[in-house]
Amino acid sequence: MVIGPPGPPGTACAGPFSGNTVPAAHRRYHRGVSETISPVDSAIHARGLTKRFGAFTAVDGVDFDVAPGEAFGFLGPNGAGKTSTMRMIGTVSPVTAGTLTVFGLDPAHNGPRIRSRVGVVPQADTLDNELSVLENLLIYGRYFGLSWAESRRRAVELLDFVQLTERSGDQVEPLSGGMKRRLVIARALINDPEMLLLDEPTTGLDPQARHLLWDRLYRLKQRGVTLCLTTHYMDEAEQLCDRLVVMDKAKIVAEGSPRQLIEQYVTREVLELRFNRDEGDDGAADDTSQLDGQLDGLAERFEQLPDRLLVYTADGDATAAAAFERGLRPASVLVRRSTLEDVFLRLTGRSLIE
Amino acid sequence: MAAGRAPVVARRGPGGMMSSPSLRQFEHDMLVFRRRWHSYLLSGISQPVLYLLSMGIGLGFYVNKNGGLPGGVPYLEYVAPALLVTQAMMAAAFESAWPIMGKIVWDKTYQAALNTPIGATNLLVGDLMWIAFRAVLLSVLFFAVIVAFGAVSSPLALLAIPVAVITAMSFAAPIVAFTATQKSDQPFNMLFRFGITPLFLFSGTFFPIENLPLFIQPLAWVTPLYHGVALARSLSLGRIDPLVDLIHVAVLAGFVIVGIVAARITFRRRLEV
Amino acid sequence: MLALRFSLPQAVARPTRMVERNTMVYRHSFMVIFSGFFEPLFYLFSMGFGVGALVGSVALTDGRSVPYAVFVAPALLASSAMNGAIYETSNNFFYKLKYAKLYDAVISTPMSLGDVARGEILWALLRGSLYVVGFLAVIAVLGLGGLGLISSPLGILAFPAAMVVGFGFAGAGMAATTFVRKWQDFDFLQLAIMPMFLFSGTFYPITAYPPALQVFVECTPLYRGVHLIRALTTGTPDVWIAADVIYLIAMGLIGLWIVGKRLHRLLLA
Chain A
1270 MVIGPPGPPG
1280 TACAGPFSGN
1290 TVPAAHRRYH
1300 RGVSETISPV
1310 DSAIHARGLT
1320 KRFGAFTAVD
1330 GVDFDVAPGE
1340 AFGFLGPNGA
1350 GKTSTMRMIG
1360 TVSPVTAGTL
1370 TVFGLDPAHN
1380 GPRIRSRVGV
1390 VPQADTLDNE
1400 LSVLENLLIY
1410 GRYFGLSWAE
1420 SRRRAVELLD
1430 FVQLTERSGD
1440 QVEPLSGGMK
1450 RRLVIARALI
1460 NDPEMLLLDE
1470 PTTGLDPQAR
1480 HLLWDRLYRL
1490 KQRGVTLCLT
1500 THYMDEAEQL
1510 CDRLVVMDKA
1520 KIVAEGSPRQ
1530 LIEQYVTREV
1540 LELRFNRDEG
1550 DDGAADDTSQ
1560 LDGQLDGLAE
1570 RFEQLPDRLL
1580 VYTADGDATA
1590 AAAFERGLRP
1600 ASVLVRRSTL
1610 EDVFLRLTGR
1620 SLIE
Chain B
101 MAAGRAPVVA
111 RRGPGGMMSS
121 PSLRQFEHDM
131 LVFRRRWHSY
141 LLSGISQPVL
151 YLLSMGIGLG
161 FYVNKNGGLP
171 GGVPYLEYVA
181 PALLVTQAMM
191 AAAFESAWPI
201 MGKIVWDKTY
211 QAALNTPIGA
221 TNLLVGDLMW
231 IAFRAVLLSV
241 LFFAVIVAFG
251 AVSSPLALLA
261 IPVAVITAMS
271 FAAPIVAFTA
281 TQKSDQPFNM
291 LFRFGITPLF
301 LFSGTFFPIE
311 NLPLFIQPLA
321 WVTPLYHGVA
331 LARSLSLGRI
341 DPLVDLIHVA
351 VLAGFVIVGI
361 VAARITFRRR
371 LEV
Chain C
13 MLALRFSLPQ
23 AVARPTRMVE
33 RNTMVYRHSF
43 MVIFSGFFEP
53 LFYLFSMGFG
63 VGALVGSVAL
73 TDGRSVPYAV
83 FVAPALLASS
93 AMNGAIYETS
103 NNFFYKLKYA
113 KLYDAVISTP
123 MSLGDVARGE
133 ILWALLRGSL
143 YVVGFLAVIA
153 VLGLGGLGLI
163 SSPLGILAFP
173 AAMVVGFGFA
183 GAGMAATTFV
193 RKWQDFDFLQ
203 LAIMPMFLFS
213 GTFYPITAYP
223 PALQVFVECT
233 PLYRGVHLIR
243 ALTTGTPDVW
253 IAADVIYLIA
263 MGLIGLWIVG
273 KRLHRLLLA
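These protein sequence lines map, in sequence, to chains A, B and C. If you read the first sequence in this note's numbering, its first letter stands for residue 1270, the second for the next number, and so on. If you read the second sequence in this note's numbering, its first letter stands for residue 101, the second for the next number, and so on. If you read the third sequence in this note's numbering, its first letter stands for residue 13, the second for the next number, and so on.
So that you can see chain A by itself, here it is in the shape it has in the complex (with noise of 0.2 Å):
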């Protein structure tokens, strides 16, 4: 049962045994301005989507939407709701209320279909230990419904892409968790998707490892393919997403892209000043609080740590020279541009480190 007309020619009968998806061809651009994508264009569209779990809300209401070929991101810390989005986005977890669709397809009722269309890289690694790794590329393909032949072949070129290659006769076990994350994205786009779907794709990997997985899929966002992905790495979604959304306790509380988000939320520049702590003085707001007043009118906001005082200004150097004539001693002084991370303070608080 379809909802709506079907989607874009080239992708309305991409079953299983079609053997292509054609991912590319038709995709646009679609910045920023939800409203002017309408479900049967958007790969996913969400309205008042709720996610609840008895009494407990996941997902509060929210609304967005992704265009074909964007790199879409879920910005926010543990538990607010992004990996339960995600999870409604691949048709394993039924939508309590309000709409989804997903290449204009309802979850509910088109569930094999989307997800023959979407490829999964969930956050904890769920590959068949029981297999070695082109094994598990083989079967994932099967399970698809490829010809033993195409999932062969897929699964030899994907190991390539991924720099498996030369461990694909091996156990998965022993490989490191940088290799398993590769292989769980090579098995994610064993069926050609139009779509990923990647739920904290690097977390726990080593910077090498983060970045070769970057590489990997920003290749993959050139080739066409929609990347959805959640994070809580302010780095990774300002490499990665077109525009991202930010989520904390169960809402999205901004949207735009990482520049836009930045501009909006925060000033151009910040300003860190470490003060020395005094002998046997535990509280942290206590050294801090001393300043007050001092600062007053030297920038539109300030933000205070538990170790660090933030300044948001346009110009940082300036308000530090500021900061010196007023007598301010700091034990350091950093001026930086600000980045993602000060937006997410902003807006989720110190929730961050959970």
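Don't take every hint at face value.
As the list claims (entries may be wrong) - Subject to a maximum C-alpha distance of 30 Å in a straight line, what follows is the list of computed DSS-like cross-link-like pairs (lysine-lysine): (1) C:Lys113 x B:Lys283; (2) C:Lys273 x C:Lys113; (3) B:Lys208 x B:Lys283; (4) C:Lys273 x A:Lys1490; (5) C:Lys110 x B:Lys208; (6) A:Lys1490 x A:Lys1449; (7) A:Lys1490 x C:Lys110.
As the list claims (entries may be wrong) - Taking CB as the label site, the calculated pair distances span: (8) B:Glu372 x A:Asp1475: 30 to 38 Å; (9) B:Val358 x A:Asp1484: 54 to 62 Å; (10) B:Gly354 x C:Phe191: 55 to 63 Å; (11) B:Leu314 x C:Thr219: 33 to 41 Å; (12) C:Ile266 x A:Arg1488: 45 to 53 Å; (13) C:Asp116 x A:Arg1488: 21 to 29 Å; (14) A:Ala1600 x C:Asp116: 48 to 56 Å; (15) B:Gly250 x C:Glu230: 23 to 31 Å; (16) A:Arg1422 x C:Arg193: 40 to 48 Å; (17) C:Asn103 x B:Pro318: 32 to 40 Å; (18) A:Asp1584 x C:Asp116: 44 to 52 Å.
Simulated from the structure, these hints should not be mistaken for lab results. No residue lacks a Cβ here, since even glycine has one placed at the ideal position from N, Cα and C.
Mind docking chains B and C on chain A? Use the hints.
Here is chains B and C on its own, set in the frame of chain A:
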């Protein structure tokens, strides 16, 4: 981890095999046991009851009707001491395989313990004590059930308990030694399928091995279970043959000693690297 | 409806993918599968011939007296079908469900929970069928040697009958496993399986029991399986074999239905 209470000053592996670090590993197992005792008790009582009812009484009815065993022994009394020994043996064999593999490979409990003054030999002795303790417990429960069924005819039957424990250890020690040489639990399936299960079925538990084809009988003589079963039965029925029983004891003791020596070697090779 | 016409072959094809996956796993450890064939044979030789020498002959329901091995062989076949189905749907299924998180990955593909459940049951049956065929082959060979463990041409039906027994227990076992939280919980499953193995008329006729107990035992599933297969191999069919088949198939179907409900709760939260 219980191992954390080891004295800080002691060096690794002081004293003999029965030193206090060995007891500490045993204590660790006992802590686990205290959380699960009801489950052990449940199977410890239900197994003998069910087996004696089914095999001893149910099947026994038909055996006795057919003229019974040579010597006129009621089938229940014939099979009860054998089941006592085989149950202890099976439990000990199981405990020597998967749980030990778990401590070496999966949970790495041993690695944690080795960071304290406990040495590989202490771990071995502690865990063998634990397996023996379980065998004692199972055998006492089983014996109590046998008595309740009225299936003993001699006070010597009480000695079937230590016989069951020694038989259990004659399997446990060599299997523990084997486990310490393995990387995965796959060989255990083979061990049980082609080792333990056939022994359970063909070591004179349910029928005299004289009923087996002639060429198979010598095979039974070299397995410890046959000797355990025969010894326990001779005690339980009060039909002692000192020379034969002494041979049974010697064979069982031999398996235990060789097993412990082998296990000491494989444990140290595996863990003290 | 077009959608329905499309989904029909898929509904058949998808469960077989689980079979393919499991076959792939066991390709590496063929012996694990192969060795399972010996267990019922060991029991047959031990019970049938070792104990059989002590028991002599046993009376069948039609009054005929047969050697003990003839009596016990079909029961061992039924027990083996039960054990195989239970083993595959308890320990193995639990491992894949709770530890390996296998199905979490599978349901991100067009495979549905129903495909998973049907596929795993199908696998359990196929694996069990290897043992059944092997066991029947050995019995047949012994028969050629003059031992005649199958005394009726109906014995050929022992194969599908054993599959029915396997299906019943696979469905029930899988349903039970969806309620299991930790490995120790399987002790309780064993507490149901072992008495059935020992008391379902497996090793001796249940006429040894008091009448009330007989009726109780007749209501248990393994007894139905033993009764069914024994009726076929010894050529003593009665109307009750229809009840046996209905009972076991219903048990499997109800089990599958529960599995569907439970997996929905466990995996599609």
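So the hint says 44 to 52 Å: do the beta-carbon atoms of aspartate 1584 of chain A and aspartate 116 of chain C match that? 51 Å, holds
Outcome of range test on Cβ distance (leucine 314 of chain B, threonine 219 of chain C; 33 to 41 Å): For leucine 314 of chain B and threonine 219 of chain C the Cβ distance comes to about 36 Å; the hint holds.
With 30 to 38 Å as the target window, see if glutamate 372 of chain B and aspartate 1475 of chain A comply at their CB atoms. 32 Å, holds
Is the hinted pair lysine 113 of chain C and lysine 283 of chain B satisfied, with a Cα-Cα distance of at most 30 Å? Since the Cα atoms of lysine 113 of chain C and lysine 283 of chain B sit roughly 23 Å apart, the hinted pair holds (cutoff 30 Å).
Under the criterion that the straight-line Cα-Cα distance not exceed 30 Å, is the pair lysine 208 of chain B, lysine 283 of chain B satisfied? 13 Å, holds
Take the C-alpha atoms of lysine 273 of chain C and lysine 113 of chain C, compute the straight-line distance between them, and say whether it is at most 30 Å. 18 Å, holds
Taking 23 to 31 Å as the stated bounds, is the beta-carbon spacing between glycine 250 of chain B and glutamate 230 of chain C within them? Hint holds: Cβ distance 29 Å, inside 23 to 31 Å.
Can you let me know if the beta-carbon spacing of asparagine 103 of chain C and proline 318 of chain B is within 32 to 40 Å? Holds - the Cβ-Cβ distance for asparagine 103 of chain C and proline 318 of chain B, about 36 Å, lies within 32 to 40 Å.
Beta-carbon spacing of valine 358 of chain B to aspartate 1484 of chain A - inside the hinted bounds 54 to 62 Å or not: 59 Å, holds
If you check the beta carbons of glycine 354 of chain B and phenylalanine 191 of chain C, does the distance land in 55 to 63 Å? With a Cβ separation near 47 Å, glycine 354 of chain B and phenylalanine 191 of chain C fall outside 55 to 63 Å, so the hint is violated.
Could you tell me whether the CB distance from isoleucine 266 of chain C to arginine 1488 of chain A stays inside 45 to 53 Å? Hint holds: Cβ distance 51 Å, inside 45 to 53 Å.
With a cut-off of 30 Å on the C-alpha distance, tell me whether lysine 1490 of chain A and lysine 1449 of chain A pass. Between lysine 1490 of chain A and lysine 1449 of chain A the Cα gap is close to 21 Å, so the pair holds against 30 Å.
Going through the hint list in order, the structure does not satisfy hints 4, 7 and 10.
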